[in-house]
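Trainee: For the record, the sequence lines run as chains A and B. When you line the first sequence up against my numbering, it's residues 353 to 586, in that order. When you line the second sequence up against my numbering, it's residues 3 to 112, in that order.
Derived from the structure by calculation, the hints contain no laboratory data. These numbers were taken from a predicted model, which means no experiment stands behind them. Quick reminder that beta carbons are idealized off the backbone N, C-alpha and C, glycines included. One or more of the hints may lead you astray.
What the hints assert, rightly or not - Which bits of chain A does chain B cover? Going by a derived footprint, with three or more residues having C-beta under 8 angstroms, they are:
1. 359 to 371
2. 414 to 422
3. 563 to 573
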Amino acid sequence: MQLSTLEKLNEARAARRAAVVVNDLSSGRAQVFIEGEGFPAEWEAGISETLRSGRPSLATLAERSVFINTYLPPPRLVVIGAVHISQALARLAPVAGFDMSIIDPRTAFATAERFHGVELLADWPEDVLPMRPLDPYTALAAVTHDPKIDDYPIRAALDAGCFYVGALGSRKTHASRVERLRSAGVPEEAIGRIKAPIGLNIGAASPAEIAIAVLAEIIGALRHRDRGEQGRAA
Amino acid sequence: MTNEAKILDPLEIAEAWHRQGRAVALATVIETWGSAPRPVGSHLVIDGEGAFEGSVSGGCVEGAVIGEAADVIASGVPRVLEFGVADETAWRVGLSCGGRIRVFLERIDG
């Protein structure tokens with residue numbers, strides 16, 4: 353592999369962009385392709401499938417034996433609301449391999465004492481998200497059930513094609529949320545992607561159990577990304 | 003990615019080592035059968051002195067891969083290595099879990 357290929361790959365990984373490397377097993381010649389940049393027509397199918405599934409594979413492309421390796425960004429979890437459920441999530445999500453951030457402008461909630469080991473941003477989502485854009489490898493869980501705080505990041509997550517968008521709140525709360533999003537011009541298909549009530553239905557009662565139900569739903573969405581339900585690649 | 007994960011990232015290390023003027027080989031798991039300790043796509047980076055980071059197995063075959071890396075660094079010719087219990091070498095470097103793996107070993111060229 354050429355150093356320039358390795359540099360391009362590392363640059364893409366640092367920027368949280370999905371990439372594949374096609375390695376010719378006999379010559380050692382390697383090429384890197386970044387998601388969204390277009391691939392050679394004859395390789396399109398093989399590369400796209402590898403990107404979708406996240407699984408590297410051996411293949412024969414243009415009569416050459418190649419190995420297609422895939423590099424998907426590590427999954428992130430952005431939680432809107434520094435509430436009790438988020439405290440439990442902050443302990444669980446890193447164990448499952450997620451980088452987690454919490455955003456909540458209410459400084460009474462967003463205190464360092466309540467949250468250890470995860471990034472805590474005591475600011476409005478409107479101010480935070482433009483500087484740390486959401487992406488298709490990010491899950492967003494909005495748990496304040498305060499429209500002033502939750503609505504903006506929910507829309508931003510739908511726009512960014514986040515692999516999971518979940519919102520806390522009763523069916524009634526969600527019905528009014530749907531109405532607001534609809535009148536703001538969010539397409540029906542996008543609204544349908546919101547998981548509400550949030551979390552798998554396991555009869556969760558305590559905040560910790562709800563956090564487990566939410567995390568399980570997020571993992572399901574991540575692992576089934578290739579089945580077309582969520583994935584709206586950037 | 004956490005800082006620790008970044009520090010121990012074989013591909014970042016490969017780039018950094020090359021920049022320091024070290025000879026670098028990269029090993030990648032390209033195929034597995036049965037139970038294999040590291041998934042397809044996993045990397046091990048080796049320098050000309052035999053220093054290494056990352057893994058292609060749970061420690062079973064790394065020694066053999068590092069040995070082969072010296073040849074690949076010298077010749078620049080990539081090779082595919084296969085390890086498994088069916089191998090002659092299995093008694094020395096086979097996978098105790100009973101699986102088989104194929105590893106692609108190449109030199110990083112500047």
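Trainee: Honestly, which of those hints from before does the structure not fit?
Mentor: Hint 3 alone not satisfied by this model.
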